[in-house]
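Peer 1: As a plain string of letters, each chain reads:
There are 2 protein chains.
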Amino acid sequence: MDFKENLKLYQDIVNNELEKYIIKADCPEKILNNSVEYSLMAGGKRLRPILVMATYRLFKEDYAECLPFAIAIEMIHNFSLIHDDLPEIDNDDFRHGKPTNHKKFNHATALLAGDSLLNQAYIVISEEIFYSIKNEFKDITDNKIRAFNEFTKATDKMILGEYLDTELEGKDISKEMLQYIHENKTGALLKLCAKMGAILANAPEKDIERLSKYADKIGLAFQIKDDILSEEGNSEITGKPVGNDKELGKVTYVAYYGLEGAKQELNRVTNEAIEQLKIYGERAEFLRQLAEYIRDRNK
Amino acid sequence: MDFKENLKLYQDIVNNELEKYIIKADCPEKILNNSVEYSLMAGGKRLRPILVMATYRLFKEDYAECLPFAIAIEMIHNFSLIHDDLPEIDNDDFRHGKPTNHKKFNHATALLAGDSLLNQAYIVISEEIFYSIKNEFKDITDNKIRAFNEFTKATDKMILGEYLDTELEGKDISKEMLQYIHENKTGALLKLCAKMGAILANAPEKDIERLSKYADKIGLAFQIKDDILSEEGNSEITGKPVGNDKELGKVTYVAYYGLEGAKQELNRVTNEAIEQLKIYGERAEFLRQLAEYIRDRNK
Numbered sequence: 000m001d002f003k004e005n006l007k008l009y010q011d012i013v014n015n016e017l018e019k020y021i022i023k024a025d026c027p028e029k030i031l032n033n034s035v036e037y038s039l040m041a042g043g044k045r046l047r048p049i050l051v052m053a054t055y056r057l058f059k060e061d062y063a064e065c066l067p068f069a070i071a072i073e074m075i076h077n078f079s080l081i082h083d084d085l086p087e088i089d090n091d092d093f094r095h096g097k098p099t100n101h102k103k104f105n106h107a108t109a110l111l112a113g114d115s116l117l118n119q120a121y122i123v124i125s126e127e128i129f130y131s132i133k134n135e136f137k138d139i140t141d142n143k144i145r146a147f148n149e150f151t152k153a154t155d156k157m158i159l160g161e162y163l164d165t166e167l168e169g170k171d172i173s174k175e176m177l178q179y180i181h182e183n184k185t186g187a188l189l190k191l192c193a194k195m196g197a198i199l200a201n202a203p204e205k206d207i208e209r210l211s212k213y214a215d216k217i218g219l220a221f222q223i224k225d226d227i228l229s230e231e232g233n234s235e236i237t238g239k240p241v242g243n244d245k246e247l248g249k250v251t252y253v254a255y256y257g258l259e260g261a262k263q264e265l266n267r268v269t270n271e272a273i274e275q276l277k278i279y280g281e282r283a284e285f286l287r288q289l290a291e292y293i294r295d296r297n298k
Numbered sequence: 000m001d002f003k004e005n006l007k008l009y010q011d012i013v014n015n016e017l018e019k020y021i022i023k024a025d026c027p028e029k030i031l032n033n034s035v036e037y038s039l040m041a042g043g044k045r046l047r048p049i050l051v052m053a054t055y056r057l058f059k060e061d062y063a064e065c066l067p068f069a070i071a072i073e074m075i076h077n078f079s080l081i082h083d084d085l086p087e088i089d090n091d092d093f094r095h096g097k098p099t100n101h102k103k104f105n106h107a108t109a110l111l112a113g114d115s116l117l118n119q120a121y122i123v124i125s126e127e128i129f130y131s132i133k134n135e136f137k138d139i140t141d142n143k144i145r146a147f148n149e150f151t152k153a154t155d156k157m158i159l160g161e162y163l164d165t166e167l168e169g170k171d172i173s174k175e176m177l178q179y180i181h182e183n184k185t186g187a188l189l190k191l192c193a194k195m196g197a198i199l200a201n202a203p204e205k206d207i208e209r210l211s212k213y214a215d216k217i218g219l220a221f222q223i224k225d226d227i228l229s230e231e232g233n234s235e236i237t238g239k240p241v242g243n244d245k246e247l248g249k250v251t252y253v254a255y256y257g258l259e260g261a262k263q264e265l266n267r268v269t270n271e272a273i274e275q276l277k278i279y280g281e282r283a284e285f286l287r288q289l290a291e292y293i294r295d296r297n298k
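Chains as they are written, first to last, in numbering that gives the first Met the number 0: chain A, 0 to 298; chain B, 0 to 298.
Keep in mind the hints are simulated off the structure, nothing from the lab.
Bear in mind the structure is a predicted one, so any value in this text is a computation, not a measurement.
There could be a bad hint or two in this list.
Derived Cβ-Cβ restraints for the label pairs, each shown as a range [unchecked claim]:
id, chain 1, residue 1, chain 2, residue 2, range
1, B, K103, A, E231, 38 to 46 Å
2, A, N134, B, D61, 44 to 52 Å
3, A, N134, B, E126, 19 to 27 Å
4, A, H95, B, R282, 51 to 59 Å
5, B, K103, A, L167, 44 to 52 Å
Even glycine gets a Cβ: it sits at the ideal position worked out from N, Cα and C.
Next up, chain A with everything else stripped away, as it sits in the complex (with noise of 0.2 Å):
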């Protein structure tokens, strides 16, 4: 199978998985899941489920124990993004070419769905503990705990980022400030995928790491990608208007490396990912396609 049917095969799998956390009982609250619905189901790449998934697929045959995990990372990055469109941070009108969630519902619906998410999370989580502990699953309860505890740490950093981007865009910041926003904001949660994946499949601790790394550097690469896009991408393609966060006055890898500069960082992380996967052979072949996928994607 190539790495486009794989993808696919991946993607459906968290589709049908979200479409059973999604209320659609004719309640008083009917609009506000409605929001939640529209936001989540709105065609993402999957891009962070599918990395809990095909990490734990180094160690495992199956996805079972990891994949309420997988769902609430979505869930998570789900409500950022609604969070982050709001007025009073980026004040976005589209995402994946349809109106935000603020335009679609309104801005106190959109608010509440984003925070209504960012529980809910944790109720998938909390629901996946509880089974675990009550059927006496010790080893693995352990390592549910142990992923909980680094999603908590992982979100809150995401926030932070979140908060640096918006406090100091327009602003003269330094490569290193510009590269800890993006730890926070973008990496924090894309390296839990792999950790939580590693840990989930009860992986030895060398293992966690370098998957760790491997998170790390295809993080980096997606922002760098991102920054490209920005300033030489087809917007009828990618979305954004070409030239957006020059306007905008957003520090990107673009500006401080220029875009040839930038180019050559890009392929630097990537290669730098790959070399995390060596030790794994065939086995590690898609997490290797995807941070090719992460380099050379056009949107």
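With the hints as your guide, set chain B onto chain A.
Peer 2: Quick look at chain B alone, frame taken from chain A:
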């Protein structure tokens, strides 16, 4: 020791403990930390953590095992206050006689401080469970995981309640809907406090039920009293303009029962709350006084 002294003692314990979670570092995200601290330490009554601890102490001599959960619930309460005050929800300029978070800082910072507090509650809980399982306190860990699960579901209800309260403002709603909103918006979290206190103290199921019912009733009393104060309270003491709810077209217990009817209802549910405590005799003295305090407060 009289009730007021006891209350003060509990408040001091909560405030001292909360202080430990305030990040004072001179890091780039300093202002976000300040914004969190501003709301968390603004001097609330600490009713929720006190309810956790007082319920726990019906069964135990100390409060060590329940304190992190008491702190986490105060974080959730403060997250909800910050977001409720935002322009898109209640648009409040003052709380506890001080500018609301978004007035003191800005809209984006208040949004993210609320997000951060919601997530920090789960950091505190996950650290506690992680510590517990690493040290192999099996039974205690089971109770903590159950408390975590109850915590996520009550917070979900609170967000739904907030949504309904916002969405239905100024609309004609039934008495049943009024009750449904308050059961979710205010009741769920208060009920959680007593329930968690009992669960964490390893109380028998019968007691968990009884104390949940007690908390249910004081939650209802709390809301009825709020509505009465809004109608006839001293605005200099309550900090809110008299008759404000009526002007906003809010459906209140006073609107349904009339002022005298609401006062009778308040007495009735307070007595029902106290009824639940009979079996515990003298040990429940503080919880009994707490119910009376909610009934008799003037702000």
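Peer 1: What hint numbers does the structure not satisfy?
Peer 2: Violated hints: 2 and 5; rest satisfied.
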